[in-house]
Amino acid sequence: MSSSTAARSKAGAASRSTAGVVTWLDERLGIGALTKKQLRKVFPDHWSFMLGEIALWSFVILLLTGTFLSFWFKPSMAEVEYMGSYANLRGLHMSEAYASTLDLSFDVRGGLLMRQMHHWSANLFLASMTIHMLRVFFTGAFRKPRELNWMIGLALLMLGIIEGFAGYSLPDDLLSGTGLRIAQGLMLSIPVVGSYISFFVFGGEFPGDDFIPRLYTVHVLLVPGILLALITAHMLLLVYHKHTQFPGPGRTNNNVVGFPLMPVYMAKAGGFFFIVFGVTALMGGLLQINPIWMYGPYNPAEVTAGSQPDWYMGWLEGGLRIMPNWETNLWGYTLSWNVLIPGVLLLGVLFALLAFYPFIERWITGDDREHHLLERPRNAPTRTAFGVAGMTAYALLWIAGGNDILAYEFGLSLNAITYFMRVAIFVVPVLAFIITRRWCLSLQRHDREVVLHGYETGVIVRSPDGSYAEIHRPINPVRAYELTMHEQHTPVEAPAASDANGVPAPAQGKERLRSRLSHFWYADDVSKPTKEELEAAAHHATNGSHALEDGHGPASGNGAHLGIETSGIVGGQDFGLEQKPKAP
Amino acid sequence: MSDDGQHDTPGTGSNGAGDNSLLPIGPQEPLDNPGVPEHQPRPTDVDPALERRAERQVAAMFVVGAVMALAFCVAYFLFDPHPETGETALGVGASNLALGVTLGLSLLLIGLGAIQWARKLMADHEMIEYRHSAASTVEDRQEAIAAFQAGSEESGLGRRKLIRNSLLASMAMLGLPAVVLLRDLGPLPGVKLEQTVWRRGMRVVSDVSGRAIRPSEVPIGQLINAEPAVFFEHAEEFEGNELLNEKAKAAVIVVRMPPEEYTPYPARRDWDVEGILCYSKICPHVGCPISLYEQQTHHVLCPCHQSTFDLANNGVVLFGPASRNLPQLPLGVDGEGYLIAMSGFQEPVGASFWERG
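Chains A and B supply the protein sequences, listed in that same order. Using the numbering used here, the letters of the first sequence correspond one by one to residues 1 to 584. Using the numbering used here, the letters of the second sequence correspond one by one to residues 1 to 357.
The following block holds chain A by itself, in its conformation from the complex:
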């Protein structure tokens, strides 16, 4: 008794001190109104919502480890003679940037760990951003009102790629120097101003003295500053729009069902920061990455066979490798299509397509409503098919970026791989599109079947007249609801070509195009069961199985209905399977 009184008075004291702190802060910052609203803000739960979080926390780790590295790294191309700890390179002439990276790796305790963590978390940052983007794409989370946040996310991804490339170019080792040489070749291919851009960027000829310090400013100040600002905007919009959620019982377009920020998500998201940080530290300790001392200092006359960029540059590298050697000479000027198209235009085209995709889809579907419920990829077959086609093209380019490694490891002809890829990059994405679309439609059909006729139990019954049938059991009502609550899309119809007086309607061509595209988009969708069909199916299952109970209406299903698809079966046996109420 007395102990509980003590606990209560302790709790009272704690709440009084909380009130004191809040009052003090509120009187100065006015945080009361904001905190009241946001502290218990609800976030829905799904494993895939964690992907963006990995990117966020990786960025924080990058800031922390990067700051540590900057205390020792010298962004200078001044030539020094290396006299440090690593015997194999002692006496060699190299840039201060490379020498200081060696010192960081061998003389600063924890320096190698921080370098490796920085590099691993950069890879994780880009990987998680990419997968997060795919999740947002395939679930339709980019739809109104989130189009601008989608574009901010794309800007983050693009800046992340640039930032990563800048980062691994800074140590001025042989591998990164080769990457920079290629980047300079890409700059030179830009029509009219290419050589000027190269000379301005490098402060003269390649490699020059100026580039590493300039790149350093870009890498530690300019790009991270923009990234930080955009991440802030991304998060603020996330809070304002409230997170999307997957459809389910009680989850509608009007609400968000989940757990409160405090305490659940503070613990989960905060804990997840430590998990990402911890895993990155373990990777830094256990998995070697970018051992620059094995590459040697940069020398423009040397290269290592099998040089590969970091993974997120691989697809651009692949484009460079499989591009035919087209070059045009016009009136004494050169256009290097072989470099310009894969090296400069490809990146622009991909990001432009991604950036405009929400608006393209919105125009075709004519859908101007707000969407907060995510779509299952199968319920948007055309979008899903476009996404898979894009992923396929990306993967092919990525594979093409390692054509020499593939040829070497698998004993294949390098030339054959390259010729194959030149064709495959156009053919395989189209096949992927067709297959994915059909696959999605089949899954829709399957959903419909399951809702109407129940799931397959694997139990075969033989009827007295000798025919066999598999017993289908009804799925539970929650599942049935989940499978039927998605939107049934309908194509946009073009308005009548002319009015009553035979005057052609304006913008007819555009409307017709839109209608045709919209039909392509939606017309094959499998219609989900209607109330009537569900009732008929329930009735049919009841009669077909001669169930004891008389289940008529959809809401009355409480008995042991056996959803047997083939009619004329005399069944009704209960095989001891779990009895679940029929989906109403």
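Just so you know, the hints here were simulated from the structure itself, not pulled from any lab data. Predicted model, so just to flag it, every value in this text is computed and none were measured. Honestly, I wouldn't trust all of these hints.
If the Cβ cut is set under 8 Å, some of the chain A residues that face chain B in the computed set are [unchecked claim]:
(1) Glu-79
(2) Glu-81
(3) Val-427
(4) Thr-484
A virtual CB, placed ideally from N, CA and C, is assigned to each residue, including glycine.
Given chain A, put chain B in place with the hints provided.
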């Protein structure tokens, strides 16, 4: 638990902006919304023993995390990261391994503890929050437009076209200083991309030792990485990045093949010395150094993007993304019997650029 009061209203296809509530998407659902499922208590909610166990688990993770943080400090002072004198463990540097593992476990355990705490012990009642349209109310929006119009009206921006246009002109002009200011980022290219240090009579020397090369020292089937002698004879002029800049254009490869296997263009008949040929080492695709030589076929391959050139046939492109042949340097022999260039390169080396022609 069901909170779908507004749910079953059929959608009309409008976003309902302004009325501050979202209309549901899509037609009437065929099934009634069963509502958020009933909360199921977790074992730790009903069994005090399990609850205490979970509490101990969480605390244990935090405590071991703290121990690991201490272990990190011990490892920091215990192990030397020096590549030769430092300790090793499992074949790798002990310092990095120990620091990474202790730091990783320390962080990981704090994270796992926090999540275990959230999953097992914190309240797990699902909450429902209602959404509002992203748009403001119609009144708010109209007031905003009105405020903007009032401000715009009072500024006279729309009426005073002279002021507006001159302001726009001066703002646009500000772009010029911003661009001009960057002019000194670098010199203009001039002819630098088209010229290398190679001159008539300059010796072709080995790239490592700087030793001049006699034709008799070049065996058939050998590829020698070579450079202009000036890099070594005037080393004081070619220091640091000055050297790298010139090397990035002037690096060459020297190969020897039986003269009958070599089919030069008519103009290049005397560019070899007893079957010894000299080509630029810089790939005309994007400038990687070409280095993989196939003795039997006299093909040379760029390891970056696999452009392949035929050295026996004037360096023509056989395969890959490069569109230009490998530039060839005409060779001769000087009075002392060493290989020399008979001229500079007769075309720009390296990646193509607009002015190249």
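Cross-check of the supplied hints:
1. Glu-79: holds (4 Å)
2. Glu-81: Since the shortest Cβ distance to chain B is 11 Å, the answer is violated.
3. Val-427: Nearest chain B Cβ about 20 Å off; hint violated.
4. Thr-484: With a closest approach of 5 Å, the Thr-484(A) hint holds.
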